[in-house]
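Student: Chain by chain, the residues run as shown.
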Amino acid sequence: MSDDMTSTTPSPRRTSQDVLKKRTGSAPKGGGAGSGGTSLRGSRVRPGDLIFRSLSTGSAILIMAILAGVALFLIIQGVPAIVADWKTDPSLNEGFTLAYGNFWQYVGPLLFGTLFSSAIALVIGAPIGIGIALFISHYAPRRVAGFLGYIVDLLAAVPSVVFGLWGIIVIRPFLLPFSEWLNSNLGWIPLFGGQVSTTGSTILAGSVVLSVMILPIITSISREIFLQTPRLHEEAALALGSTRWEMIKLAVFPYAKSGIVSATLLGLGRALGETMAIAMIISPAILVSIRLITEGENSQTIAANIALNFPIASTLQRQALIGTGLMLFVISLAVNIIARSIVTRGSAGGGKRRRRPPLPVIPMSDSSSSAALNIVNADPRRDPVHAGSSTEGASL
Amino acid sequence: MTLLRQRAAQGGPPANALTSGQLPRFAEVSIIGGSAVASGLVLMLLGFNLVGWLVLTAVVYLVVLGVLSSIVENRRKATDRLVRGTVTVAFLLAIVPLVSTLYTVISRGISSLTLEFITQSRSSSFNADTLEVTNTPGALQAIVGTLIITGIAALISIPIGLFTSIYIVEYSLPGSWLARTVTMLVDVMTGIPSIVAGLFAFSLFSIIMGPQAFSGFSAAVALSVLMIPTVVRSCEEMLRLVPDDLREASLALGVSKFSTIVRIVLPTAIAGIVTGIMLSIARVIGETAPIFMAASFTDNFNANPFDGPMQTLPVMAYTGFAFPGPDIQASNNSAWGAALLLVLLVVLLNLIARIVARVFAPKGSR
Chain Z
1 MSDDMTSTTP SPRRTSQDVL KKRTGSAPKG GGAGSGGTSL RGSRVRPGDL
51 IFRSLSTGSA ILIMAILAGV ALFLIIQGVP AIVADWKTDP SLNEGFTLAY
101 GNFWQYVGPL LFGTLFSSAI ALVIGAPIGI GIALFISHYA PRRVAGFLGY
151 IVDLLAAVPS VVFGLWGIIV IRPFLLPFSE WLNSNLGWIP LFGGQVSTTG
201 STILAGSVVL SVMILPIITS ISREIFLQTP RLHEEAALAL GSTRWEMIKL
251 AVFPYAKSGI VSATLLGLGR ALGETMAIAM IISPAILVSI RLITEGENSQ
301 TIAANIALNF PIASTLQRQA LIGTGLMLFV ISLAVNIIAR SIVTRGSAGG
351 GKRRRRPPLP VIPMSDSSSS AALNIVNADP RRDPVHAGSS TEGASL
Chain S
1001 MTLLRQRAAQ GGPPANALTS GQLPRFAEVS IIGGSAVASG LVLMLLGFNL
1051 VGWLVLTAVV YLVVLGVLSS IVENRRKATD RLVRGTVTVA FLLAIVPLVS
1101 TLYTVISRGI SSLTLEFITQ SRSSSFNADT LEVTNTPGAL QAIVGTLIIT
1151 GIAALISIPI GLFTSIYIVE YSLPGSWLAR TVTMLVDVMT GIPSIVAGLF
1201 AFSLFSIIMG PQAFSGFSAA VALSVLMIPT VVRSCEEMLR LVPDDLREAS
1251 LALGVSKFST IVRIVLPTAI AGIVTGIMLS IARVIGETAP IFMAASFTDN
1301 FNANPFDGPM QTLPVMAYTG FAFPGPDIQA SNNSAWGAAL LLVLLVVLLN
1351 LIARIVARVF APKGSR
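If you read the sequences in order, they're chains Z and S. Numbering-wise (this note's numbering), the first sequence opens with residue 1 and increments by one. Numbering-wise (this note's numbering), the second sequence opens with residue 1001 and increments by one.
Chain Z on its own, in the form it takes in the complex (with noise of 0.2 Å):
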């Protein structure tokens, strides 16, 4: 590790000074003007820097004012449908929201499918998303690596609609015998019970197409976490005699807990607000079952069920789905926040991590793990150098 440090970390001094005798030839000339007096407070400010300021500050707090704004807006809009009477209101007594007492009830089953599919897509991915991680960080050959999980970031980057068609056409009869097996051998458990699907169209299906949708991200992740382990941790386990697996077990799996709770949880979040893949595969209604592989029996999601009724809505219907928005807005919400949450805090209590130096790909196609990164690496313009250093004092 030490020899790490050492080979990376002067070159980009090396280049930096490289690139600045590069561009010192025009910058001077540039902005020399107003620095030329003795005094450094008095220095006039320019106007350009004036506005440039105010612009990079004003779209700050624009960003604060979107998220608010979402906020907003849906709960003016969902407000209207949450306090109606649906008993009694004659466009809440038609159409998709006929025989709801109230709000509740017809949001309540929607988010218990919501929540039910998600978590069978984590139960089917996360295991191997984390398998995955685990290949690529710590089984793959070092060269391949990188180009390795640039083919799993690729899936990231498939359109959600494409994921949806090839759920019609590959999954749904894929699943098929499989699911018939399942229910005459296995259909004593309730989750296989029940009249099984002769179409495909089922919860199982689209749990399936969402757990390869939420891979990536739980992959790339767990993986960036996988390869912050401290080199000389894994170094010491296998020293010890061990062999990969139980250093993985001692050094790996006990440094990256957080950092793989937390990239399930953005899976899950990732799985909640997944639209397109369950309202093309599942044929629903809404209602509460844990039937896997039935017909009609499937769990309807909230996002499938604003996709499906939205252009069929009336205004007051609309501002129903609305509010069954606000509430998936709330959850993913609050997963999220749970989820970085945990990986901040795992960085606190985890000491001073340290970048091995990265794979040859940044995956830069999957914002969230680049988001938990930045936590994990509290501050990366100053602490791999410093962090490094002062480790490498108390190793030597």
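There's no promise every hint is true.
[What the hints assert, rightly or not] Here are some chain Z residues pointing at chain S (derived, C-beta under 10 Å):
1) G48
2) H138
3) Y150
4) A157
5) V162
6) W166
7) V209
8) L240
9) G273
10) I286
11) L287
12) V288
13) S289
14) L321
[To be verified] If you anchor each label on the Cβ, the simulated ranges turn out as follows:
15) Z:P90 with S:G1175: 51 to 61 Å
16) S:E1248 with Z:K249: 36 to 46 Å
17) Z:A334 with S:D1327: 39 to 49 Å
[Stated by the list, open to error] A few chain Z residues that face chain S, going by a derived Cβ cut-off under 7 Å, partial list only:
18) D49
19) F52
20) S54
21) A60
22) L165
23) W245
24) G325
25) F329
26) V330
27) A334
Hints listed in this document are in silico derivations from the structure and should not be mistaken for laboratory results. The model shown is predicted, which means the values in this text are computed figures rather than measured ones. Just so it is clear, CB atoms sit at the ideal spot from N, CA and C, and this is done for glycine as well.
Start from chain Z and add chain S according to the hints.
Tutor: Relative to the frame of chain Z, chain S by itself:
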């Protein structure tokens, strides 16, 4: 050592100290081959299918490897090998949907992807003699819609995102509450479900414009809610990669902060910034739900983002399946055509992003 001593005490065969108690190197390869052949033969009897064969091969391989290794080596090494095998299988499992998706989209979409499909918008003509309506498939309205909506979204998000990241990295004092809040909010924004962004845009514009507030601009607003956090993230990351030495040197020469950022920091980070922006465009260009909410869908050609529904490629792919016309086959075909076009666009954007990253990256770093 203890093992060797035991062996010696038992009077076993003299062992090579380095390779005794290990499976030979060719063992794994030959077990893979063997289990592939064996499961192939078994499935020949039961009825062959490719997926079953691969699954059975993997299972047989893992079982045989585990058993052999625990006999020849020991339990710890057997577990190690098993985990290695399982993890590799997990990776291969992730490749399957990728390949399968791409194959399905290409094989189904390639037939409808003709020059007419790209250059015509969808139209119907009525033949008065035969009383038949003939529909010509076409995706021009969707292509134009996608480009306009994504373009406007990019125009909104790139300045906001770039300036915000400049604020966070360059202007904010370390630990200032605004910077911390904004960073936190950007993190939170990355988790906004896309459909909620669509609902937001619809709510906003229905308050301004009345209940039928479908327009391309509204969809662009929805997309920028999704795009801004990704732009901020990637730009922030890239700006942080610029060494502090550069900024300090420039400031020490008396260059103003503004000029330092515009002439020194941004040019150094430009490759990464462009790459990040490209990738975030590629990300929102495939969003279906928000556009569907905010811009609805139509078969008519509409290039005015401020008035009326607009068609886009992802929505076209969705509606072709969800709300097919009278000729279901034709609708499905054009849906696949749209999906293929969309995938091509995304791949193109990703490629450009990678090329930009490679060509314009500052020499030496990364």
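Student: Next step is simple, just say for each hint if it's right about the structure.
Tutor: Verification of the hints:
no.: 1; hint: G48; result: holds (5 Å)
no.: 2; hint: H138; result: holds (8 Å)
no.: 3; hint: Y150; result: holds (9 Å)
no.: 4; hint: A157; result: holds (5 Å)
no.: 5; hint: V162; result: holds (5 Å)
no.: 6; hint: W166; result: holds (5 Å)
no.: 7; hint: V209; result: holds (8 Å)
no.: 8; hint: L240; result: violated (13 Å)
no.: 9; hint: G273; result: holds (2 Å)
no.: 10; hint: I286; result: violated (17 Å)
no.: 11; hint: L287; result: violated (21 Å)
no.: 12; hint: V288; result: violated (21 Å)
no.: 13; hint: S289; result: violated (23 Å)
no.: 14; hint: L321; result: holds (8 Å)
no.: 15; hint: Z:P90 with S:G1175: 51 to 61 Å; result: holds (56 Å)
no.: 16; hint: S:E1248 with Z:K249: 36 to 46 Å; result: holds (45 Å)
no.: 17; hint: Z:A334 with S:D1327: 39 to 49 Å; result: holds (46 Å)
no.: 18; hint: D49; result: holds (4 Å)
no.: 19; hint: F52; result: holds (5 Å)
no.: 20; hint: S54; result: violated (10 Å)
no.: 21; hint: A60; result: holds (4 Å)
no.: 22; hint: L165; result: holds (6 Å)
no.: 23; hint: W245; result: holds (4 Å)
no.: 24; hint: G325; result: holds (4 Å)
no.: 25; hint: F329; result: holds (5 Å)
no.: 26; hint: V330; result: violated (10 Å)
no.: 27; hint: A334; result: violated (10 Å)
Hints 8, 10, 11, 12, 13, 20, 26 and 27 from the list above are not met by this structure, while the remaining hints are.
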